[in-house]
Amino acid sequence: MSIKLIGFPSSGPLLRVIITLRELGLPYELEIPANIQAIKEEDYIKNKHPFGKIPVLIDGDFVINESRPICTYLVSKYQGKHNNTNLIPSDVHKAGLVGQYVSYESSYYDPPISTIIYQEIYSKKFHNKDPDPEVVKQAREELAKVLDVYEKILEGKEYLNGEYSIADIFHIPSTHYVYGIDAHSDLWDSRPNVKNWWNRLYNREAVKKTFDEIKN
Amino acid sequence: MTIKLIGFLISTSTLRVIICLKELGIPYELEPPASFQSLKDKDYIANKHPFGRIPVLFDGDFRINESRAICRYLVSKYQGKYNNTILIPNDVYKAGLVEQFISYESCYYDSPVSQIVSQELLAKKFWGKDPDPEVLKEARKNLNKVLDVYEKLLEGKEYLVGEFSLADIFHCPGTNLAYGIVTHSDLWDNRPNVKNWWNNLCNRDTIKKSFEEYRA
Numbered sequence: 000m001s002i003k004l005i006g007f008p009s010s011g012p013l014l015r016v017i018i019t020l021r022e023l024g025l026p027y028e029l030e031i032p033a034n035i036q037a038i039k040e041e042d043y044i045k046n047k048h049p050f051g052k053i054p055v056l057i058d059g060d061f062v063i064n065e066s067r068p069i070c071t072y073l074v075s076k077y078q079g080k081h082n083n084t085n086l087i088p089s090d091v092h093k094a095g096l097v098g099q100y101v102s103y104e105s106s107y108y109d110p111p112i113s114t115i116i117y118q119e120i121y122s123k124k125f126h127n128k129d130p131d132p133e134v135v136k137q138a139r140e141e142l143a144k145v146l147d148v149y150e151k152i153l154e155g156k157e158y159l160n161g162e163y164s165i166a167d168i169f170h171i172p173s174t175h176y177v178y179g180i181d182a183h184s185d186l187w188d189s190r191p192n193v194k195n196w197w198n199r200l201y202n203r204e205a206v207k208k209t210f211d212e213i214k215n
Numbered sequence: 000m001t002i003k004l005i006g007f008l009i010s011t012s013t014l015r016v017i018i019c020l021k022e023l024g025i026p027y028e029l030e031p032p033a034s035f036q037s038l039k040d041k042d043y044i045a046n047k048h049p050f051g052r053i054p055v056l057f058d059g060d061f062r063i064n065e066s067r068a069i070c071r072y073l074v075s076k077y078q079g080k081y082n083n084t085i086l087i088p089n090d091v092y093k094a095g096l097v098e099q100f101i102s103y104e105s106c107y108y109d110s111p112v113s114q115i116v117s118q119e120l121l122a123k124k125f126w127g128k129d130p131d132p133e134v135l136k137e138a139r140k141n142l143n144k145v146l147d148v149y150e151k152l153l154e155g156k157e158y159l160v161g162e163f164s165l166a167d168i169f170h171c172p173g174t175n176l177a178y179g180i181v182t183h184s185d186l187w188d189n190r191p192n193v194k195n196w197w198n199n200l201c202n203r204d205t206i207k208k209s210f211e212e213y214r215a
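Here the protein sequences come in this chain order: B and A. When we follow numbering that gives the first Met the number 0, the leftmost residue of the first sequence carries the number 0, and every step to the right adds one. When we follow numbering that gives the first Met the number 0, the leftmost residue of the second sequence carries the number 0, and every step to the right adds one.
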C-alpha cells in the first residue's frame, strides 16, 4: 500500500516531507485538499489533524501529522530500506547533534524567515496587503544574525552536521522561498560557507526534482 | 563522569531537561552560569552555545544544547539503563505519535502559554512594564482553542499518547508557571480531561520534586 500524503503542493512543511520521501526513495501519492476550508471541516479535524493543518501522512492504517515528526517517523521506519541514504546517523552522539541543528532551525532560523515569507508572499496573495517595510527590515536583521552564526557552524563542513541529514532538509523549503526573492538572496550569497551550503542543498537530485515540480 | 547541565532552574527549558534526567534516573550536576549576561560572553558563545542560550549539557567530552534535542539524546543513550521508565517507546508508530505531540507543544501550546508567563511574570521584573491586557486577552483566546483540542485528545487517556512520555514532560515547565498564576488556572481546571492530565503530571514524584527545586 502506497504512502499517502495530504497537503497543498507549495506548502513549506509539505515540501519538507516530500524531500524526505524522495531522499529515502519512498513512493507516495499526494492528495491535495479541495481548498483551505476542507481542512477545517469536522471530519478532517477528527480523522486527520486536530488543529486543521497540513501535512498529514497516512501509512497503511497509521496516521501522523506535523512535518518534522512525519519526517522523523519516515527515517526510523524506512531509512536504509530502499537506498543507502542516511538522514539520521545511528551513532547516538551524531544523532544528538542532528537533533540540535533541527532545534536551531525551529528556534532561530524559522521565525525570521517565516516573517519574511508572510510579508513578501502571503500578505499580498491572501490578504491583499503590501509588505510592511519595518517588519521586513527587522526580520532581515534577525535572520542576518542567525546566518552569521551558521557561517561559523559551517566552517570546514559541507552540511550542518558534516554529513547531509534531516537537519539540512528542514531548512530547505523556507530558504528556497526567501532566497528566491531578489532583494533577499544576498543574506545567503554574502556569506561564503552559507552560500556553499545552500548551493549544495539546492543541487541535490531530490531537492531539484521537488522544486521543479512546483514550478510546473 | 557525571553529566553536567548548565542552566538556571528558573528557565523553563532547563527545567525540561532536569525533569527528563530525573525521570530516567540519571545523576547530574547543575551548574548555573554566573548571570544571564554571561551567556553572551565570547567564551560562552564559542564553547557552549553559539546563540548564547541555556541549557547546555556535557556528557564527558560530548556537548549538546537545545533542551528538546538534549532530552531526546538522553533518552536514546540512557533509557532503560538506570530504571524502567520509558519516555520514547521503541515501537516506531508509538514513537511517531510522541513526536507528533511534541510538535503540538512547540507549534501550538508553547506560544500562548509563554505569552501569559511573559506578561504576568517577566514583564515587570525584566522590562519594568505592567502586563498588557490586550496581549493577555489574545493569548488566553489562543490557549482556549488549543486546550479545547487537548480536551478531546485526552479523552479516555491519562497522558497525551496514553502512557507517560517525553511529550508530557515538554509541557510541564511552561504549564507549571502559567497554571500557578491564579487568574489563569481556570484554563486547565475548566476542562475535566485537561485538569486530570495536569494533576497526573503534578503528582509524579520526579515532577513534584523538580517543581519544588524550582520554587526553592
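It is worth saying that the hints were derived from the structure and are not from the lab. Please note that the accuracy of each hint is not assured.
Stated by the list, open to error - Stretches of chain A that chain B covers, calculated by requiring three or more beta carbons in the stretch to come under 8 Å of a beta carbon on chain B:
no., region
1, 58-65
2, 71-85
3, 103-114
Here a beta-carbon is modelled for each residue, glycine too, at the ideal position from N, C-alpha and C.
Name the hints, by number, that the structure is in violation of. As far as the earlier hints go, not one is violated by this structure.
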